[in-house]
Amino acid sequence: RKEVEQDPGPFNVPEGATVAFNCTYSNSASQSFFWYRQDCRKEPKLLMSVYSSGNEDGRFTAQLNRASQYISLLIRDSKLSDSATYLCVVNPGKGNTGKLIFGQGTTLQVKP
Amino acid sequence: DGGITQSPKYLFRKEGQNVTLSCEQNLNHDAMYWYRQDPGQGLRLIYYSQIVNDFQKGDIAEGYSVSREKKESFPLTVTSAQKNPTAFYLCASSTAGGWEAFFGQGTRLTVV
Numbered sequence: 001r002k003e004v005e006q007d008p009g010p011f012n013v014p015e016g017a018t019v020a021f022n023c024t025y026s027n028s029a030s031q032s033f034f035w036y037r038q039d040c041r042k043e044p045k046l047l048m049s050v051y052s053s054g055n056e057d058g059r060f061t062a063q064l065n066r067a068s069q070y071i072s073l074l075i076r077d078s079k080l081s082d083s084a085t086y087l088c089v090v091n092p093g094k095g096n097t098g099k100l101i102f103g104q105g106t107t108l109q110v111k112p
Numbered sequence: 113d114g115g116i117t118q119s120p121k122y123l124f125r126k127e128g129q130n131v132t133l134s135c136e137q138n139l140n141h142d143a144m145y146w147y148r149q150d151p152g153q154g155l156r157l158i159y160y161s162q163i164v165n166d167f168q169k170g171d172i173a174e175g176y177s178v179s180r181e182k183k184e185s186f187p188l189t190v191t192s193a194q195k196n197p198t199a200f201y202l203c204a205s206s207t208a209g210g211w212e213a214f215f216g217q218g219t220r221l222t223v224v
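Just so you know, the protein sequences line up as chains A and B, in that order.
Mapping of the first sequence onto this note's numbering: residues 1 to 112, in sequence order.
Mapping of the second sequence onto this note's numbering: residues 113 to 224, in sequence order.
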């Protein structure tokens with residue numbers, strides 16, 4: 001089983017749609033969680049961190065379910081500019097191992 | 113401006129040659145990482161370093177070598193032992209706790 005797993009998609013949605021991505025992780029001791037966005041042929045950039053209480057940033061909402069070991073990202077009112085690959089990232093370590101594990105990414109295509 | 117810089121952006125290597133990819137950061141980050149990304153795939157960890165003069169193998173270290181003589185620099189050498197080196201290589205850095213990782217713009221290596 002991979003340490004971090006995502007549905008690769010692609011997810012093809014019309015503008016204005018709501019879309020949700022899930023990600024599962026295997027190490028129950030994992031400490032921190034993130035969603036990164038990667039545009040085609042570019043480097044990944046942090047979209048948002050994921051907190052146990054859930055957090056929202058504009059149209060984006062991230063949730064963490066430690067009991068089921070999954071993380072979700074919800075995008076509301078999708079824009080054409082949201083088209084990208086979304087990477088789930090987990091720090092599996094205890095303390096300061098600093099090792100970040102990336103999922104394979106979920107591709108989103110928002111259509112006019 | 114603070115950031116992380118990779119060079120070169122594109123690199124062509126003949127079979128049997130060693131090549132070195134540069135990664136420099138001025139963010140004063142303790143941790144640095146090298147990832148490899150193949151088309152349509154997620155990021156796979158090659159090596160990472162928590163402090164100067166120390167580094168650990170990631171999931172796909174075979175055929176690669178690194179050094180961490182200075183906090184700011186973490187060069188990656190792709191040796192002739194790496195049988196399939198054509199890929200997109202990404203360097204990243206973070207604070208010691210493995211929180212947000214900042215990426216360089218990547219190096220596209222092609223074997224000719």
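Hints listed in this document are in silico derivations from the structure and should not be mistaken for laboratory results.
The structure presented is a predicted model; accordingly, all values stated were derived computationally and were not measured.
Possibly wrong hints are sitting among the right ones.
[Said to hold, decoys possible] With a Cα cut of at most 25 Å, we get these calculated DSS-like pairs of lysine-lysine:
id, chain 1, residue 1, chain 2, residue 2
1, A, K111, B, K169
2, A, K111, A, K79
3, A, K2, A, K45
4, A, K111, A, K45
5, B, K183, B, K121
6, B, K182, B, K169
7, A, K2, B, K183
8, A, K79, A, K45
9, A, K79, A, K42
10, B, K182, A, K79
11, A, K42, A, K99
12, A, K99, A, K2
13, B, K183, B, K169
14, B, K126, B, K195
15, A, K2, B, K182
16, B, K183, A, K45
17, A, K99, B, K126
18, A, K42, A, K111
19, B, K121, A, K45
20, A, K2, B, K126
21, B, K121, B, K182
22, A, K79, A, K2
23, B, K195, B, K169
24, A, K45, B, K169
[Said to hold, decoys possible] Sample of chain B residues facing chain A (criterion: CB under 10 Å; computed from the structure):
id, residue
25, G114
26, P120
27, F124
28, E127
29, N140
30, A143
31, Y147
32, L157
33, G170
34, K183
35, S185
36, P187
37, W211
38, R220
39, T222
Glycine included, every Cβ here is placed at the ideal spot set by N, Cα and C.
Going down the list of hints, with the structure as the test:
A threshold of 25 Å between alpha carbons decides the hint, and for K111(A) with K169(B) the separation of about 41 Å lies outside it, so the pair is violated. Using a Cα cut-off of 25 Å, the hinted pair K111(A) and K79(A) holds, with the two alpha carbons roughly 8 Å apart. Among the hinted pairs, K2(A) with K45(A) is consistent with the structure: their alpha-carbon atoms are about 22 Å apart, no more than 25 Å. Only pairs whose Cα atoms come within 25 Å are accepted, and K111(A) paired with K45(A) is accepted, the gap being roughly 23 Å.
At most 25 Å may separate the alpha-carbon atoms for a hinted pair to count; K183(B) and K121(B) meet this at roughly 22 Å. Only pairs whose Cα atoms come within 25 Å are accepted, and K182(B) paired with K169(B) is accepted, the gap being roughly 18 Å. Taking the CA atoms of K2(A) and K183(B), the gap is near 31 Å; set against the 25 Å cutoff, the hint is violated. Using a Cα cut-off of 25 Å, the hinted pair K79(A) and K45(A) holds, with the two alpha carbons roughly 18 Å apart.
For the given pair, K79(A) sits about 19 Å from K42(A) by alpha-carbon distance, which is consistent with the 25 Å threshold. Restraint check: the Cα-Cα separation between K182(B) and K79(A) comes to about 43 Å, which exceeds 25 Å; the hinted pair is violated. Only pairs whose Cα atoms come within 25 Å are accepted, and K42(A) paired with K99(A) is accepted, the gap being roughly 21 Å. The hinted pair formed by K99(A) and K2(A) meets the criterion: a straight-line CA distance of about 15 Å does not exceed 25 Å.
A threshold of 25 Å between alpha carbons decides the hint, and for K183(B) with K169(B) the separation of about 18 Å falls inside it, so the pair holds. Annotation: proposed proximity of K126(B) to K195(B) holds, straight-line Cα distance about 12 Å (limit 25 Å). Of the pairs offered as hints, the one joining K2(A) and K182(B) is violated, with about 33 Å between alpha carbons and a cut-off of 25 Å exceeded. Taken as a hint, the K183(B) and K45(A) pair is honoured in the structure, with Cα atoms around 22 Å apart against an allowance of 25 Å.
Of the pairs offered as hints, the one joining K99(A) and K126(B) is violated, with about 32 Å between alpha carbons and a cut-off of 25 Å exceeded. With a C-alpha separation of about 21 Å, the suggested pair K42(A) and K111(A) falls inside the 25 Å cut-off, and the hint holds. Using a Cα cut-off of 25 Å, the hinted pair K121(B) and K45(A) holds, with the two alpha carbons roughly 18 Å apart. Restraint check for K2(A) and K126(B): not satisfied, since their Cα atoms lie roughly 33 Å apart, outside the 25 Å limit.
Restraint check for K121(B) and K182(B): satisfied, since their Cα atoms lie roughly 22 Å apart, inside the 25 Å limit. Note on K79(A) and K2(A): the hinted pairing is violated, with a Cα-Cα distance of about 31 Å set against a maximum of 25 Å. Annotation: proposed proximity of K195(B) to K169(B) holds, straight-line Cα distance about 18 Å (limit 25 Å). Proposed proximity of K45(A) and K169(B) is supported: the alpha carbons are some 24 Å apart, at most 25 Å.
Checking G114(B) against chain A: minimum C-beta separation of about 15 Å lies over 10 Å; hint violated. At its closest, the beta carbon of P120(B) sits 15 Å from a beta carbon of chain A; the interface hint therefore is violated under the 10 Å criterion. At its closest, the beta carbon of F124(B) sits 17 Å from a beta carbon of chain A; the interface hint therefore is violated under the 10 Å criterion. Proximity of E127(B) to chain A is violated relative to the hint, the smallest CB-CB distance being about 25 Å (cut-off 10 Å).
Taking 10 Å as the C-beta contact cut-off toward chain A, the hint placing N140(B) at the interface is violated, the least distance being around 15 Å. Of the supplied interface hints, the one on A143(B) holds, with its beta-carbon coming within about 4 Å of a beta-carbon of chain A, less than 10 Å. Interface restraint check: Y147(B) against chain A, minimum CB-CB distance 7 Å, threshold 10 Å, status holds. With a cut of 10 Å, the hint placing L157(B) at the interface with chain A holds, because the nearest CB-to-CB distance is about 7 Å.
At a threshold of 10 Å, the smallest CB-CB gap from G170(B) to chain A is about 8 Å, leaving the interface hint in force. Restraint check, K183(B) versus chain A: the minimum CB separation of about 14 Å is more than 10 Å; hint violated. Below 10 Å, beta-carbon pairs count as interface contacts, and S185(B) has none with chain A, the closest being about 17 Å; its hint is therefore violated. At about 18 Å, the closest approach between the beta carbon of P187(B) and any beta carbon in chain A exceeds 10 Å, and the interface hint on this residue is violated.
Restraint check, W211(B) versus chain A: the minimum CB separation of about 7 Å is within 10 Å; hint holds. Look at R220(B): its Cβ gets to within about 8 Å of chain A, closer than 10 Å, so that hint holds up. Checking T222(B) against chain A by beta carbon gives a least distance of about 14 Å; that is not within 10 Å, so the hint is violated.
Violated hints, listed in ascending order, are 1, 7, 10, 15, 17, 20, 22, 25, 26, 27, 28, 29, 34, 35, 36, 39; each of the other numbered hints is respected by the structure.
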